[in-house]
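Participant: Chains as they are written, first to last, in the working numbering: chain A, 27 to 139; chain V, 214 to 322.
Just so you know, these hints were derived from the structure itself, not from any lab. Where a beta carbon is used, it is the ideal one built from N, C-alpha and C, also for glycine. It is possible that part of the hints are untrue.
Stated by the list, open to error - Quick list of in silico lysine to aspartate or glutamate cross-link-like pairs, EDC-like style, CA-CA up to 16 Å:
#1 V/K321 to V/D290
#2 V/K255 to V/E228
#3 A/K81 to A/D52
#4 A/K97 to A/E132
#5 A/K29 to V/D270
#6 V/K215 to A/E56
#7 V/K321 to V/E216
#8 A/K39 to A/D52
#9 V/K292 to V/D270
#10 V/K309 to A/E56
#11 A/K79 to A/D64
#12 A/K96 to A/E56
#13 A/K29 to A/D64
#14 A/K29 to A/E43
#15 A/K81 to A/D64
#16 V/K309 to A/E95
#17 V/K255 to A/D54
#18 A/K44 to A/D64
#19 A/K39 to A/E105
#20 V/K309 to A/D77
#21 V/K255 to A/D85
#22 A/K44 to A/E82
#23 V/K258 to A/E132
#24 V/K309 to A/E98
#25 V/K292 to V/E256
#26 V/K321 to V/D295
#27 V/K292 to V/E228
Stated by the list, open to error - Estimated spans, in silico, between C-beta atoms of each pair:
#28 V/S265 to A/S93: 34 to 40 Å
#29 A/R40 to V/G229: 28 to 34 Å
#30 V/K255 to A/D85: 41 to 47 Å
What the hints assert, rightly or not - Going by beta-carbon spacing under 8 Å, a handful of chain A positions derived as facing chain V:
#31 Y36
#32 G42
#33 V50
#34 G68
#35 L69
#36 L71
#37 I86
#38 P87
#39 G89
#40 T127
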Amino acid sequence: DVKVTQSSRYLVKRTGEKVFLECVQDMDHENMFWYRQDPGLGLRLIYFSYDVKMKEKGDIPEGYSVSREKKERFSLILESASTNQTSMYLCASSQTISGNTIYFGEGSWLTVV
Amino acid sequence: RKEVEQDPGPFNVPEGATVAFNCTYSNSASQSFFWYRQDCRKEPKLLMSVYSSGNEDGRFTAQLNRASQYISLLIRDSKLSDSATYLCVVNRNTGKLIFGQGTTLQVKP
Numbered sequence: 027d028v029k030v031t032q033s034s035r036y037l038v039k040r041t042g043e044k045v046f047l048e049c050v051q052d053m054d055h056e057n058m059f060w061y062r063q064d065p066g067l068g069l070r071l072i073y074f075s076y077d078v079k080m081k082e083k084g085d086i087p088e089g090y091s092v093s094r095e096k097k098e099r100f101s102l103i104l105e106s107a108s109t110n111q112t113s114m115y116l117c118a119s120s121q122t123i124s125g126n127t128i129y130f131g132e133g134s135w136l137t138v139v
Numbered sequence: 214r215k216e217v218e219q220d221p222g223p224f225n226v227p228e229g230a231t232v233a234f235n236c237t238y239s240n241s242a243s244q245s246f247f248w249y250r251q252d253c254r255k256e257p258k259l260l261m262s263v264y265s266s267g268n269e270d271g272r273f274t275a276q277l278n279r280a281s282q283y284i285s286l287l288i289r290d291s292k293l294s295d296s297a298t299y300l301c302v303v304n305r306n307t308g309k310l311i312f313g314q315g316t317t318l319q320v321k322p
């Protein structure tokens, strides 16, 4: 079974803090994604990566950056957390771009106070 | 206008009922289509892909209408365990999956 692991499930951070969300997948997938999910807005893509050291902006990249130094690991960074970044963050991976199943991690619930 | 639109519901149905959800998409370049299921406070999981000819998986039937740009999901003989949010997902083969807001189903005893 594909395993996508998000190491931090529940975090509470202060406004202005730097926040790292880590994600690891064990299926040698090429593509990895970061989404956030908010009530009434659904899932929105923040960034994705189709190869090591490659990244593409999604629909809402502002206030976020990412790092993919190894194929299995994709990190989301909030340089200076703000209260409007309180959300559930979902990491995902897939084998190919063109329609293969996307597998999600269990989610990281971030509260910024 | 959102690229993928769903009626958020909730749809409240009795056990054993048949229920159908629709989803419309605005980008005609969309190539692949899926239904995902998400339980409360859990991650989304693939329910089924949607093929042009329509496809069935047990009590679930998915249909695609490219001309009208909509996708449907039919659930027959609803079970309590079908209660969840159903997400319509569209892939333009650009690496970006576009998710609908989700439709909430509550199956009552």
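Participant: Now look at each hint and say whether the structure bears it out.
Facilitator: Hint check:
| no. | hint | verdict |
| --- | --- | --- |
| 1 | V/K321 to V/D290 | 12 Å, holds |
| 2 | V/K255 to V/E228 | 23 Å, violated |
| 3 | A/K81 to A/D52 | 19 Å, violated |
| 4 | A/K97 to A/E132 | 19 Å, violated |
| 5 | A/K29 to V/D270 | 24 Å, violated |
| 6 | V/K215 to A/E56 | 28 Å, violated |
| 7 | V/K321 to V/E216 | 32 Å, violated |
| 8 | A/K39 to A/D52 | 28 Å, violated |
| 9 | V/K292 to V/D270 | 15 Å, holds |
| 10 | V/K309 to A/E56 | 14 Å, holds |
| 11 | A/K79 to A/D64 | 28 Å, violated |
| 12 | A/K96 to A/E56 | 11 Å, holds |
| 13 | A/K29 to A/D64 | 24 Å, violated |
| 14 | A/K29 to A/E43 | 29 Å, violated |
| 15 | A/K81 to A/D64 | 23 Å, violated |
| 16 | V/K309 to A/E95 | 21 Å, violated |
| 17 | V/K255 to A/D54 | 23 Å, violated |
| 18 | A/K44 to A/D64 | 21 Å, violated |
| 19 | A/K39 to A/E105 | 12 Å, holds |
| 20 | V/K309 to A/D77 | 14 Å, holds |
| 21 | V/K255 to A/D85 | 23 Å, violated |
| 22 | A/K44 to A/E82 | 21 Å, violated |
| 23 | V/K258 to A/E132 | 10 Å, holds |
| 24 | V/K309 to A/E98 | 19 Å, violated |
| 25 | V/K292 to V/E256 | 21 Å, violated |
| 26 | V/K321 to V/D295 | 10 Å, holds |
| 27 | V/K292 to V/E228 | 5 Å, holds |
| 28 | V/S265 to A/S93: 34 to 40 Å | 39 Å, holds |
| 29 | A/R40 to V/G229: 28 to 34 Å | 51 Å, violated |
| 30 | V/K255 to A/D85: 41 to 47 Å | 23 Å, violated |
| 31 | Y36 | 11 Å, violated |
| 32 | G42 | 28 Å, violated |
| 33 | V50 | 15 Å, violated |
| 34 | G68 | 4 Å, holds |
| 35 | L69 | 4 Å, holds |
| 36 | L71 | 6 Å, holds |
| 37 | I86 | 12 Å, violated |
| 38 | P87 | 12 Å, violated |
| 39 | G89 | 19 Å, violated |
| 40 | T127 | 5 Å, holds |
Of the numbered hints stated above, those contradicted by the structure are hints 2, 3, 4, 5, 6, 7, 8, 11, 13, 14, 15, 16, 17, 18, 21, 22, 24, 25, 29, 30, 31, 32, 33, 37, 38, 39, listed in ascending order.
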